[in-house]
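Asks: For reference, the chains in residue letters:
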Amino acid sequence: MSRKEELLNLLKDKLRGKFLAGSSLEDKRLFIDIKKEALVETASLLMKEGARYQMGVGYEAKKNGQGLAMVHTFAFDADSLLVAIRALTTEDKPEFDSLTPFIPGAGWSEREYIDLLGLHFKNHPNPKRLVLSDDWPEGIYPLRQDVPYDLMPPSAEEVAFRLDEAPPGSSIIPFGPFHACLHEPAHFAVYVDGEEIKGCEYRGFMVHRGIEKLAATELTYNEIPFVAERICGICGSVHSVNYAQAVEAASGLKIPRRAEFIRTIMLEIERLHSHLMWLGVAGHLIGFDTVFMQAWRIREKIMWLAESLTGNRKTYGMVIVGGVRRDIDLTKADLIKKTLSEVEKDMLALEKAIIKDKAIHRRTKGVGYLSREKAVEWNLVGPVARARGLDMDARRDHRYAAYDEVKFDVVVADSSDVWGTLVVRIKEIYEAIKIIHQCLGKLASELQGSPLAIEIEGSIPAGQQGLSVVEAPRGEAVHYVLTGDDNRPERWRVRAPTYPNLQAVPDMLLNNKLADFPIIVGSIDPCISCTDRVAVIDRKTAADRILSRQELEKLSREVRSKT
Amino acid sequence: MKVVAVFVNLIYFLLLAPFLEGVMRKLTAWIQSRKGPPLYQPYLDLLKLLGKENLNSGGNWAFRLAPILSFSSMLAAIALIPLTGQANILAHSSDLMTLIYFLTLSGFCLLVGALGSGNPFAAVGASREMMTTVMLEPVLAMLLILGTVRIGSFSLSAAVSGVAVSRGVSYFLMLVVYLLALQAFAARQPFDIAEAEVEILEGPYMEYSGPNYALLRYTLNLKRMFYAWLLVSCFLSFILPANFLFSLLLQTVLIIVVFILISLIGATHPRFRIDQALKYYALLLILALIAVGLAVKGW
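Residue numbers (my numbering), protein chains in the order written: chain S, 1 to 563; chain F, 564 to 862.
Since the hints were made in silico from the structure, they are not lab data.
Take these hints with a grain of salt, some might be off.
As the list claims (entries may be wrong) - Partial chain F-side listing against chain S, Cβ under 8 Å, derived:
(1) S596
(2) R597
(3) P601
(4) D755
(5) L764
(6) H832
(7) R834
(8) R836
(9) Q839
(10) L841
For glycine and all other residues, C-beta sits at the position ideal for the given N, C-alpha and C.
One chain only, chain F, in its complex shape:
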């Protein structure tokens, strides 16, 4: 059963992630008085891209391999997670550091690919992505450390379920921080700075085409869904029922709600400049540190 859980993780994420993008696009369209594409459009987009040609415009192996590495790192991270609070077989050989490691690796591969493309816009995008990662990864780490502090174990399921064990000041502070960071984790407006179409033409993605581009898009979808899942299972774990199927169902509904939130914020904000965003991230980081400090004190 614990082996099957790994595959359940992967299939659940792979199947649902493009649909969530569809939700986002539909809602954004409604806010903008448009009809918007059907909800299944992202699946068609991915299929279409998979059938197209890979252009190796970077001309080197780093550029070629980056998408598949980024995608597989993301999948590795997802394979580890306790989907409905239950640890799977990989839990024996991993802890929360492994998760953070794979997530960072996925982002890092995208940077390598962007720099490998030799495109100046991709380079600007990569440098923005790098700054964002440096500021945001610690916020993620703080969240999981909060859970660890509560339970006293480095295991991933402990870290995730630990956050909401007792709902004191630190819980609420961390919830606020996470909600404020959500848009940045999801790389949506106002924090789609690294892609910024009108400035740097999708930045790191610019030179990619065909299946490689499909993989990068898929990775982005998975990443967004991961952060939405994390919000639900860290902060709302206490309302999820014990039954696996019911729990999964409720979780899915909640993830869709999170995506609705992301779309609403995204459609009503202009993009930040990187300097403005960095100041914002710094504030989040300080607040997250305070939350962990409070948790250590037992608040």
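The shape of chain S in the complex, shown without the other chains:
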């Protein structure tokens, strides 16, 4: 009996009448419907079985007259299994039991839907506003279906987020929303006693763009990959591949093998780019600008390579539902090989300089320490988790694209600090190069002349669930798709790796020095736009109108004709 059947039987057995349905189109997925009273019981059963909490997805299932739904997804990494449990509640009593008391990592997922759907979570320890801007009026829940995607409530002037009081004896140093060590807007109110950090409160979600709502109201299945790619400027392919995989899973589409290899190559090129960029930023954050410049010099080669392959230095635009748009032929493969050998050579030299530098050891070893147990508790992912001895990697644990056919090592360190994340990321650069070489070999030999994409035949039936993970450079990214009518998903939820990792940052900061704040926050490689990706067009500024493309073109022509 497979692990999946075991779990299914266990839940059926324990929940009895509260178990409604269990379905799984796919091999490695399990979608379960339960009564809402059983939410806590089910979740704790799964956690006891060794699950790792991933994310919550809330949506309004009004179309089917079902009220409001909450999905929680869990991963069983050792068994390559993803489990989603779904419960429904009625609109007049939109309440669920909170999972946060025993899964701290669920805190944000639940707070998000307090804001966006007007749900209540009984026993949530900190039901503060998370996503919506400070002046968003009470009682408008942007993800509800009767709220239009372009709703703009009037902005209010004299409202501010109520930050918690600093603990006695400490003062607040505000990091953000704009600060040299943060590359995107986010606010950390850091409590310091002298130079020592005594805690911090995070207020983020300042750059959400309403992408999910847009996808559910305006876009179609085939348009979304290009919007998904723009969720993040660094791991764009991660999101477009991830979305495409979720839709393909929901519709039972099997894409050509060659496309899967090309996707893998692009994902690994993206990882190379991302890790080199991080390395540079990390150098900058500890005041070591030579590392910054050298790492970015190497990174530049990757960007040139990407431009020759896709036409863009970043945001490749390669992925569509059903496959990829461009081929990697033999000339391009040669170019990749040439670039990679240069990158590898440069990287070895840089690594030698970094690994041996005692001064870097002093600034990173023991800094931002978070124990392995805490890392499990916060469901950390990616290099941040692997630096804490957690041997997990979605590429190996939940094989997707062509990762089932390539050999690579999952790099793990056990120092549980910033140094660990540095080592893991540097080593992963070589693993990525290894993977790309293997993929190129396959493309050149067995997969010559195979098609790049296939069309979806007919329309995708509504109400199907798809769940996909991709190991982004920063960790596991999760996409959930619930298919809908009108050629678009009813709900598409993105959870970027920074989402869980950022929640653990206050714990990492505790009792460190103020001077280490930048590198500790930097060690998770925070991607704020990915994390803030949610809900509704939210223009805080006074700008009341956005020019349409036609208007912009008209204006630019006028200017040109004048000069």
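Chain F: place on chain S using the hints.
Replies: Okay, now just chain F, sitting in the frame of chain S:
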């Protein structure tokens, strides 16, 4: 002639200091595989800043006056020094304590301005600067006292020329201490802790703009050049020729060499944390004390 020497001091420092920053920026750029700005860029930066608006974001006189006071204290300190070993007219009314006093005053004014700005990052920067000053000024004092001990006079030219009078154990120990402290005196990596851009956004300088910021930058340039000059004229005075012009020329070359050293160390080290730096300074202080002790014994 002795009156003219004061102006020579000032003009020499004011003209050369920005150029040395240019050297530093160019070299750092080369190490980082960049082209880097032209050597005269710092002059343009200062000119540009002088043409901009002063924002009085601190809203009080302390914040407004601090830069000019800091700058003029620095100039006062420079006016006193025996540029090529020759005492100038101010030597009659000053000694090494006057020099240390003006140097400290310059740094102190920067602190007052930082605290006057009311910015929390500037305050953190100021507290770091303060700790640094408390630990480093004594090292400077020890160096000059070493010279004083040798010659037996409190005059500045005696203190400066006295260091290398006899080159025994104490001379070499002090040289090591000074070289180790050089980077901290120059406030370059790994000791640019009080400014630390990514942590506290240039700290004390954060709220300054326009001419006031230009003055503070100029002060920093002068300060760096002063410590480079001190290294050359304390420890290498015996190789400087007697002719004033040749001496000045050789001194300039040596100062540029010191700046090359500062750039190299700066570009190859990450920043220290203040707690790590303080431990380092404490070690330097102890070594400097030992050097003075040895000098008293005549070693």
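Asks: Indicate, hint by hint, whether the structure satisfies it.
Replies: Okay, the hints, checked on the actual structure:
Hint status for F/S596: holds, given a least beta-carbon distance of 5 Å to chain S, under 8 Å. Hint status for F/R597 relative to chain S: holds, with the closest Cβ pair at about 6 Å, below 8 Å. Here the hint on F/P601 is broken, as its CB sits about 19 Å from the closest CB of chain S, past 8 Å. Hint on F/D755 holds. Least Cβ distance to chain S is approximately 7 Å, under the 8 Å limit.
Because the closest C-beta pair between F/L764 and chain S is about 6 Å apart, less than 8 Å, the hint holds. A least Cβ separation of about 5 Å between F/H832 and chain S falls short of the 8 Å threshold, and the interface hint therefore holds. Taking 8 Å as the C-beta contact cut-off toward chain S, the hint placing F/R834 at the interface holds, the least distance being around 3 Å. Hint on F/R836 holds. Least Cβ distance to chain S is approximately 4 Å, under the 8 Å limit.
The restraint placing F/Q839 at the interface with chain S holds, with a minimum CB-CB distance near 6 Å, inside the 8 Å limit. The beta carbon of F/L841 comes no nearer than 11 Å to any beta carbon in chain S, farther than 8 Å, and the hint placing it at the interface is violated.
Hint compliance for this structure: hints 3 and 10 are broken, all remaining hints hold.
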